[in-house]
Amino acid sequence: MTANRYRCRLHQAAHERRLEMHPLTWWLRDDGERVGLDEYVAKDGYAVVRQVLGYQRPDEVIETLKAANIRGRGGGGFSAGVKWGLTLKGEDMPRGYLVCNADEMEPGTFKDRLLLEQAPHLLLEGMILGGYANDSCFGYIFLRGEYVTAARAITRAIEEARAAGWLGRDIAGSGFDFDIALHTGAGRYICGEETALINSLEGQRANPRAKPPFPGQSGAWGKPTVVNNVETLCNVPAVLRFGAEWYQGLSGERSGDGGTKLYGVSGKAHRTGLWELPIGTTAGELLDRAGGMRDGRSLKAWLPGGGSTGFLLPEHLDLALDFDTIGKTGSRLGTGLITLVADDQSMVALVRNLEKFFARESCGWCTPCRDGLPWTVKLLRALERGEGRPGDIELLEELAEDQGPGKTFCAHAPGAAMPLASAIEYFRDEFERGIARPGKDDVVPDGPLSTSEA
Amino acid sequence: MNENAHLLASDGDGFILDPEDLRAIEHERAHYEQPQAACIEALKIVQRRHGWVPDGAIVAIAETLGIGPAEVEGVATFYSLIFRQPVGRHVILICDSSSCFLVGYDTLREALSSHLGIGFGQTTADDRFTLLPVCCLGACDGGPALMIDDDTYGPVAAEDVAALLEDYP
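In order, the protein sequence lines correspond to chains A and B. Be aware that the first sequence starts at 1, since it is given in UniProt numbering, and climbs by one per residue. Be aware that the second sequence starts at 1, since it is given in UniProt numbering, and climbs by one per residue.
Be aware that one or more of the hints could be misleading.
To be verified - Label pairs and their computed distance ranges (CB to CB):
#: 1; chain 1: B; residue 1: R49; chain 2: A; residue 2: E159; range: 34 to 40 Å
#: 2; chain 1: A; residue 1: S174; chain 2: B; residue 2: R84; range: 46 to 52 Å
#: 3; chain 1: A; residue 1: E398; chain 2: B; residue 2: R84; range: 33 to 39 Å
#: 4; chain 1: B; residue 1: R49; chain 2: A; residue 2: G291; range: 44 to 50 Å
To be verified - Simulated pairs of lysine-lysine, DSBU-like, Cα-Cα distance not exceeding 35 Å:
#: 5; chain 1: A; residue 1: K328; chain 2: B; residue 2: K44
#: 6; chain 1: A; residue 1: K223; chain 2: B; residue 2: K44
#: 7; chain 1: A; residue 1: K211; chain 2: A; residue 2: K407
If you're looking for bench data, these hints aren't it; they were derived computationally from the structure. Glycine residues also receive a C-beta, built at the ideal position from the N, C-alpha and C atoms.
Let's have the full structure, built from the sequences with the hints guiding it.
Laid out in structure tokens, this is it:
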């Protein structure tokens, strides 16, 4: 038997989805094939472009977005409307760029892939509306190089949209000109950081840039640049169609945040995959939908939204998966795709795996990240082998502190610090078991900055 | 000494960009305000033809885009999917991120390694396969996952490895 071709799965069939309840995935087909232009238009796709361009002023569009409070679905949670409002525009400004961040590489995250492969026109429609609101002259979809199926789907969708007049000059007779190009990457997680992404788009090494100036002031080629995640942009058409109040109402009493969220489950669950649910759905409900843990195991810990979020415990399963609620635990919602850890799995090994990822993916620009992460990996490896030294756990805590927010050039190292600090906080005994007992055959480790094993 | 000195001094070792590749690079370049933005795509275009990016191509791309070869080399060495040394006919990228790690990445890596007789960064003696780790593949609901060339597989069991590789002669 040959191995399975991977295919991204939404666990809700077409007959279970309604546009007013599932604005992101209502468009999708049960066979998982790309929704082409004809089908998209038959489902009333691009109607919002016709409805908005030339009929609403860009600032009116932005006001609606602000009222809806779409919080950045790449994991930052910053209001898309506020971001658009802060982007410089006007007669005395050069027209800038709208960039879709489709560089999905956060460990445990596979949601944008679904939209990119299967609903590329929804993304294009969101981008056209975003371009109009921000007076952007051109849009880029920055797609990770490994998303080959998505690249084909987007390329075809751009050609179709251009041929039908949804891209190009004078879109829908509005006088607004806008076009989109696909830019594919060549690896490196750091490209997902928005200023590193802009450097990469410009054909440079993906080192982050200092902020301020923010991209909305000076981004790609010094022009005002808006960078939004795929899922964020895919929310825009429905918000402009049904209004901010409708969007806020989608989550009901569950959450102060509005809209739906593409939630997902990976790790040791019985049934992994994706669901579009009201934002504020709990992890417990996701675990139920996933049919519980695999192989009769029980849940030990979980990551709420990727490798750069802090671990949570079974006792947190009842919390709403939204930005503020998860933020209050000290973790972050991140991408909202949860990773489940079973009771027989080692937290030390898992954290070592995560930190090794962050060490490898560091761009090397600033010292706490470049040197701190390999050092962290080295200490974790020693603990994993039972060769840790007294003080190593405290040293790891110190390293996590020194890689925290405000102490590094970008959010990469603070992201790495989150799972480390939380794992030590909740599972300290597992780390302590990695400290070598005195009197045994002590292995003398190398100096702390030797990174040969990272 | 500047480690790029050999590139700076080189005239490209006679490497000439294929006319079709040159057209593709020019096409990409038209999407951007500055030619340098086409640099990564140019490297990928050359790599699609040659399997990797030889020194001469660095110089040729630099000349085509009107930027320095050290600039192109800096970019080429930063990105993990640009290969500056020859690779096998097929490149296997195994996802080693957390979700796959939790569901059997180690077993899969060992199965692949022992089947092929190579570790990460190595190429089989018959130049058929190169084995590399990759950043979370975004196939976490199908872990452990891997890519071979443009194809993504998952979940891949250790016992599937031999049959799977048969499809890549």
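Here is how each hint holds up against the structure:
1. R49(B) - E159(A): 34 to 40 Å: violated, 24 Å
2. S174(A) - R84(B): 46 to 52 Å: holds, 47 Å
3. E398(A) - R84(B): 33 to 39 Å: The hint (33 to 39 Å, Cβ to Cβ) holds, given that E398(A) and R84(B) are roughly 37 Å apart.
4. R49(B) - G291(A): 44 to 50 Å: holds, 47 Å
5. K328(A) - K44(B): Not satisfied, since the Cα-Cα distance of roughly 44 Å exceeds 35 Å.
6. K223(A) - K44(B): Holds, at about 27 Å.
7. K211(A) - K407(A): holds, 14 Å
When each numbered hint is compared with the structure, violations occur for hints 1, 5.
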